[in-house]
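Asks: Here is how the chains run, residue by residue.
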Amino acid sequence: MFDVVVIGAGPAGVNAAIDAHDQGLSVLLIDEGRDAGGQVWRPKSASIIKAPVTPTEQKGEHLRERLRKSNIKRKFETRVWHIEKCGDDGWIIGLSGPDDEKQVRSKAVIIATGAQERVIPVNGWTLPGVLGLAGTTALMKENLLPPHGRSIVAGTGPLVFYVASEILRLGGTVTAILTLNSKLDWFKELPTMILKPQLLFQGLNWVLSLYLKRIPIYWRTGIKTVEGDNAVEGATITKVDKNWAPKQGHEKYIPCESVCYGQGLMPEISATRLTGANHHYDEKLGGWVPTIDELGRTSEKGIYACGDNAGILGVTVAPISGKRAARAVIEDLKGENSGAKQSNLRMMQKFGRAMTALSISRSGLIKFIDDQTEICRCEGITKSDIDHEITHGAQSHNAVKSGTRCGMGPCGGRFCMDTVAMLTEYHTGKTREVIGLPTARPPLRPVILDTLSDDLDYDDLPIPGVSPL
Amino acid sequence: MNVIFDIAVIGGGIMGCGAALRLSEGGMSAVVLEQSDIGQGASGVNAGTLSMQIKRVKLMSYAIKGHEMWEEMGDRIGFHRTGGYTLAFSDKEADLLHERMTMKKEAGANIEFVSPDKVISSEPHLTKKIIAASYCPDDGYANSSLTGHYYRSRLKEHDVSYMEKFGVTDILEHEDGWKIFSGTKVVVAKRILLAAGGWCKKLAGMVGVDLPIRARINTVSVTERAPLLFSSILGHATGLLTMKQKENGTILIGGGWQGKGTPEQGRGQIDIKNLIANLQLAKFVIPDLANIRVVRSWTGFEANVPDFYPLAGKLANMDNAFILACVRGGYTIGPYISKLMGDFILGKETEMPLFDPSRDIIEGRLI
Amino acid sequence: MNKDATSPVQRTEKISFQFDGIEVGAFEGETIGAALLRARITHLRDAPNSKKPRGMFCVMGVCQECVVIVDEKFVEACRSKASDGLIVNRVHYV
Chain A
1 MFDVVVIGAG
11 PAGVNAAIDA
21 HDQGLSVLLI
31 DEGRDAGGQV
41 WRPKSASIIK
51 APVTPTEQKG
61 EHLRERLRKS
71 NIKRKFETRV
81 WHIEKCGDDG
91 WIIGLSGPDD
101 EKQVRSKAVI
111 IATGAQERVI
121 PVNGWTLPGV
131 LGLAGTTALM
141 KENLLPPHGR
151 SIVAGTGPLV
161 FYVASEILRL
171 GGTVTAILTL
181 NSKLDWFKEL
191 PTMILKPQLL
201 FQGLNWVLSL
211 YLKRIPIYWR
221 TGIKTVEGDN
231 AVEGATITKV
241 DKNWAPKQGH
251 EKYIPCESVC
261 YGQGLMPEIS
271 ATRLTGANHH
281 YDEKLGGWVP
291 TIDELGRTSE
301 KGIYACGDNA
311 GILGVTVAPI
321 SGKRAARAVI
331 EDLKGENSGA
341 KQSNLRMMQK
351 FGRAMTALSI
361 SRSGLIKFID
371 DQTEICRCEG
381 ITKSDIDHEI
391 THGAQSHNAV
401 KSGTRCGMGP
411 CGGRFCMDTV
421 AMLTEYHTGK
431 TREVIGLPTA
441 RPPLRPVILD
451 TLSDDLDYDD
461 LPIPGVSPL
Chain B
470 MNVIFDIAVI
480 GGGIMGCGAA
490 LRLSEGGMSA
500 VVLEQSDIGQ
510 GASGVNAGTL
520 SMQIKRVKLM
530 SYAIKGHEMW
540 EEMGDRIGFH
550 RTGGYTLAFS
560 DKEADLLHER
570 MTMKKEAGAN
580 IEFVSPDKVI
590 SSEPHLTKKI
600 IAASYCPDDG
610 YANSSLTGHY
620 YRSRLKEHDV
630 SYMEKFGVTD
640 ILEHEDGWKI
650 FSGTKVVVAK
660 RILLAAGGWC
670 KKLAGMVGVD
680 LPIRARINTV
690 SVTERAPLLF
700 SSILGHATGL
710 LTMKQKENGT
720 ILIGGGWQGK
730 GTPEQGRGQI
740 DIKNLIANLQ
750 LAKFVIPDLA
760 NIRVVRSWTG
770 FEANVPDFYP
780 LAGKLANMDN
790 AFILACVRGG
800 YTIGPYISKL
810 MGDFILGKET
820 EMPLFDPSRD
830 IIEGRLI
Chain C
837 MNKDATSPVQ
847 RTEKISFQFD
857 GIEVGAFEGE
867 TIGAALLRAR
877 ITHLRDAPNS
887 KKPRGMFCVM
897 GVCQECVVIV
907 DEKFVEACRS
917 KASDGLIVNR
927 VHYV
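Residue numbers (the numbering used here), protein chains in the order written: chain A, 1 to 469; chain B, 470 to 836; chain C, 837 to 930.
There could be a bad hint or two in this list.
Which chain B residues face chain C? A few, computed with CB under 7 Å, are given here [unchecked claim]:
no.	residue
1	Arg694
2	Leu698
3	Gly718
4	Asn760
5	Arg762
Calculated from the structure, these hints are not laboratory results. We put the beta carbon where it would ideally sit given N, CA and C, even for glycine.
Take the sequences, apply the hints, and build the full model.
Replies: Have a look at this one:
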């Protein structure tokens, strides 16, 4: 039995693990990656022996170094597929990974699963060569490999400029940069961004490098359709109005081989939801978030949340929120007030919120989706299938899911959930909270049946007698 | 507030919707009150098995009628007749299989015993460790996920009112009928029918009736699309496994392994120990399942009373309160017994007898 | 910073694996997905319903678009390592 299991080894999770460990708690840190870093400081592939190190990568290296020195027990390349309450005896965590340990128990669980990408479906988004914007960063950080051919980079917030400048740095080609934001959107956030001059400078540097290379930047513009038969051949882009709805007659075709696009990040809440903790909807934090106190305690005893999965506030807030979660666990398990001093979290949060503000969904985005656009990539469910289900009476996310299969595929609805809710909101006028989310169910990721447990003889199967007939 | 319904049906599953449709056909104005969405409780999350081999002997004639009704619903509800095998892997299980299936056959089910070799020749991916097996060509499945979609459409087609997100918080007597509350919302009706499965205990309590209703928490899992491994539905002599591979290649695994929680606490959760045992048993039966990925496991509440027979009739001998719940094999039997229930409330003679909730309910023998 | 960033990347030894019978080069320790992308193979799978081509999308093991078959198992190409002589195949649905 561990005192605390930390799920996710990004900046929030690692800081939580180190602080809990330093206070004498027994800690297990789990991540599906090959090392710590999370997505923001994603470790490089084992195939890379030596490579130039950027300042961002340096921070990741520093985090990994601190962890290595700590002798905290850790499991990498290991997935958590289940989290289950065991009465008052803490939590049981189902694992799927390279070692034989299939389950661990813990008094407390700190969930630091980070973010997931919001991608508004458009025609052609399922073609090979279309990558999520955050997905593109993952590809490049791990492999130092840019998307192939000419790329269009599109989306919201700072990520667009980061991705474009990284593609160039790694020797790729960017043919156009599209952002739904206007220059004014950015200007409005400027007073807040000045709070973090280093990051502001970094951002300006990205944009400058793009200007210098004469890469066209299209403001208030998005991907309308991705064209191609068996792979990306180009994209039709469109100007948008202030609600981000495509503007008729302002379209343009650009040939390319890759499209990297996304509309911001959402908290990855499937793990906290599985525990039964309460959640609420807050678009300023990226969408659905666990309801937590200021140290990260959820409504479920023993479950804590920190980092982007507790609200998209970015990498400046993540380490502090991780430390706070550790403090909460220490207080709750040892019954002592750690008395740690308040950090300048407010200022960091303000900055994080400003960045997230650039990606808050706007009502016009729904107009990007055609009737025949596939919304559920796994099951091939189109917008008209979903519209039909809603206009024929389905009023909640669960009802749409059951009636259409939307979200029943292997991704577990992670890439259609937000769109389904958006459509339900549009047709019914109900709030996101009323529409709800599909009931959280394990496994958190598809899991090969044989990896769930060791082999058992038939005679050893715990068959509990004859079932009532 | 000024509308007074002839009957309020509490519970929007197969039982409640089926009864409401019949009542409406018979001229009563009915409203279905559902705490979540239509068809999202046990009716919508069970494994969809339509098997004669897992029905109780005394309920067999109801199951046969129910099965016919599912077949009529056909594509709208994803009906498939595939035939089904029940398998035994030890002498003890083989004896159990013979005893049970012989009784079910006598009760009218189209069941035959088949040799293990014959089973393997028609389902080559099955384990070779089968000792005995029975077969029913009528067995099959429907898509329980479509329950909500289907019944909501039927209610709309027949102009039967329904209210979703109407979690009943209190029921009070009102003149000759009832006032049903959901927070501040109120519905008035001359009669009530409780058809809310595991939630009926609480509802009956609201009108002062204590019923010995309990709930089992059954686990179901589904895999991603897999290569074709089997085409019949499969069961285990103990009843602790049901398996089917659907047209799209996904495999549903059930069998009544128990999860955690109570109807009052919400939807229930899986129990990791029982889930794994359930999946291991499935893998024992189809060894090639070992490599397949499970994408989702969930639970649903199956209500019962100690004798495992339905509660279907007047509630505590009242003339304006009824209950229809605790039907073992309720998915298969539901469309039919809810029709009978409708007839009963309409004052008609029912085609088959119902099950008086005021009987002496004693712990039953589980055959 | 820029000078550093453009200095050459040193990678592990080249290996090769088979994807649907085609020989694909990879650096030891990298993922199947990255190696295929470098080889400009982006079509990893056909969708079960539409039979239209799909490829790597989220690159972090969530979307399941890049699943391929290794040792009779479905694995995510973006997370599974290539190894010398590995046989990788496209998924074919029922």
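Asks: So, for every hint listed, does it hold in this structure?
Replies: For each hint, the structure was consulted:
1. Arg694: holds, 5 Å
2. Leu698: violated, 10 Å
3. Gly718: Because about 4 Å separates B/Gly718 from the closest Cβ in chain C, which is inside the 7 Å limit, the hint holds.
4. Asn760: holds, 5 Å
5. Arg762: Holds, about 6 Å.
Consistency with the previously given hints fails for number 2 only.
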